[in-house]
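2 protein chains.
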Amino acid sequence: MTQLVKGEIIAVGTELLLGQIVNSNAQWVSQELANRGVGVFYHTVVGDNLNRLQSQFKESAERSDLVIITGGLGPTDDDLTREAAAKVMGKEIVQDDEALASIESYYARNNQQMTPNNKRQARIIEGGVLLSNRVGMAPGFAVQDGDTLWVFLPGVPREMKAILQDDGFKYIEKHFSINQTIKSRMLRFIGIGESQLEHDLKDLIDGQTNPTIAPLASAGEVGLRLTARADDEQVAVSLIEKAEREIKERVGEYFYGTDDDSIQSKVMELLKENNLSISAAESLTGGRFVDNIVSFEGASSICKGGIVAYSNEAKENVLDIPSLVLEEYGAVSEACALSMAVNITEKLRSDIGISFTGVAGPTASEGKEVGTVYIGIYVDDNQPIVKCFHFNGDRDMIRHRSVKKGFELLYYLLKS
Amino acid sequence: MTQLVKGEIIAVGTELLLGQIVNSNAQWVSQELANRGVGVFYHTVVGDNLNRLQSQFKESAERSDLVIITGGLGPTDDDLTREAAAKVMGKEIVQDDEALASIESYYARNNQQMTPNNKRQARIIEGGVLLSNRVGMAPGFAVQDGDTLWVFLPGVPREMKAILQDDGFKYIEKHFSINQTIKSRMLRFIGIGESQLEHDLKDLIDGQTNPTIAPLASAGEVGLRLTARADDEQVAVSLIEKAEREIKERVGEYFYGTDDDSIQSKVMELLKENNLSISAAESLTGGRFVDNIVSFEGASSICKGGIVAYSNEAKENVLDIPSLVLEEYGAVSEACALSMAVNITEKLRSDIGISFTGVAGPTASEGKEVGTVYIGIYVDDNQPIVKCFHFNGDRDMIRHRSVKKGFELLYYLLKS
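Residue numbers (full-length UniProt numbering), protein chains in the order written: chain S, 1 to 416; chain U, 1 to 416.
Calculated from the structure, these hints are not laboratory results.
A few of these clues could be false.
Pairs of lysine-lysine, DSS-like flavour, derived with a Cα cap of 30 Å [to be verified]: (1) S:K119 - U:K405; (2) U:K170 - S:K161; (3) S:K387 - S:K266.
Working from the sequences, and respecting the hints, build out all of it.
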């Protein structure tokens, strides 16, 4: 087992020090480094100030093997990360042709005019290695100086993450020939509450040390993060698998996936496997269910589309909901959800139709209290089903939970 | 104008360094200090390690007038904040009777058994002043040492906030006889890139010190954060307003709002003001445009709904797009976007119809490259308009930018 790599993360940006944004980059990078057996000993946030940046970098160079810096690489004059680091290292800043080319092609692709100061982002510290940026304009770069490896990244989270995931982490692992692994796996559960899950697993959660078992709740579902340490990857994995078996023996019925799985992605898989198409009639969810589906690549083979019948007018004119239903039972009713599910299935000629109607708030409607939601599902020939739910939270949370519950219902329906 | 108080925030806790939680405490405290005219120059996260804590505290004592520390005050042996700080100050740790009393009463109130180690939390650094904790067990405390004021707070956000709001901020303001305010305003622009904006305002951004002007980019728009310092709030506000006028003289055409405004909220306002209803025909955006609208309270008075015609089948059967258009020009074409916009307006009987069709990727379609997007807008009687765009980024970013661009087009249309 190699000696533990001592790492730290520095975020550069006045907006962080003013509290305009939270340093979520440090959290994400810390998790990723922990999974690779790198110890993170400091997070620091410094403003775009040459002197303060230099004194921080000096100190970091003395205490850390790996320094990851996010932010301060932009095109404007108040982006000083490069300048400060180069001074501390006693190295030159050089223009990198490959970096410039990728910036120019970015502008070409976007038919935008490149302004002179964008060239600034093609400047790296001499001896630096480019880390390509798939999703943004300017690449990151890594520089070895003395005993310290410096990794420079943009502050925009999605660019920072993409660069590390594509090139950055590989480079870091290779550089430090990391062979001690921390393996981590997230087990995902739906249909069971966090406290119930913790209650059912209390002895395991308290007793386990390798892997550790950490419950994590998020709107509408629960996760368990298993984290195992070992010199050998296989050992770490088998430790996790053993714990996973014990957990599933108790609460397996609520388990739906791991890690990057989402209840949405599992439903997409099941639809693909069974070669089923889907469409949705949405009222309070306002198109968010279909948006969730379309966000997946290859959605076109599964999703016909949907109708957002937010107004009763649209429910009647576009979805052909009988005015009788709206007058007798109202738009927020089992009858309306049922009719919406059946009609969307037929109109879009899909195998499955799902409907959402309810009260997102802030005020009650049709005498139904805020959070009342009807979800209908129609799988052709079968009897359509409609379920009524009462969700807590604000308007956005109620709409979010409605969509999530829709996927949960579809998941259990398609599995059986 | 009093001299600026130099402050910094130190969070103590291994869970932060492991990325299990994000340092939201630092964000909140930073906002509160900024509003009180205290400059925050560093955020630091350190683990529960005596040596690292001491070296961090030594450095903070040298550079800051005010050091706010959150976490590491708990009852267990690995809570070392007190010990490290006392060593650095060369002061004793003493048991505080008032603190002990409040801890005991906390247990009494909650009918819980107080364990011996809870007494540890009644220990403060000699000369320290208690800061009462309304919502939790252990109070915080403040200690003056040399030129530095140290404020020790629990890491639990609601306890930390309550202590500062009740006693902490008052104590800090009194200690530094603060009578200065920092006022901050975000100016929001759309339709201009960050570097173009910075290029047009370079002399202002470089020359300005009060207020400072900081560009901030986010997907599809740019912000300028103006931050002014003054002894008097009115002076700070007028400084900001003066700078705002100068900025608008140059790039006012791209300005759409301030602070909490979003291009979506501005479009909602304009639709309400003009008493106009809207509907959308969405292909690649998959319902996300309407979802954006419905996320606003009172959307029902504005949004009729929409049709997500993701498949060509749906475009033909539900949106009545002529098969000729799809065969001759394809789904990703000006003709299709135009026909989608007109048909949705008529079907949903709305005043305005907007359409989105394009290639979200990952692969090209109909010979159109990834990122090609047509947006159509039809305001009845007027000639429908269709514009073609090329967006960069992954599938999600292309869909996000399409929706944002749709709101941008509507904003300028409704303003004129």
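Tested hints:
With a C-alpha separation of about 26 Å, the suggested pairing of K119 of chain S with K405 of chain U holds against the 30 Å cut-off. A distance of roughly 41 Å separates the Cα atoms of K170 of chain U and K161 of chain S; the hinted pair therefore is violated under the 30 Å criterion. Proximity of K387 of chain S to K266 of chain S is assessed by CA-CA distance (about 21 Å); at most 30 Å being required, the pair is judged to hold.
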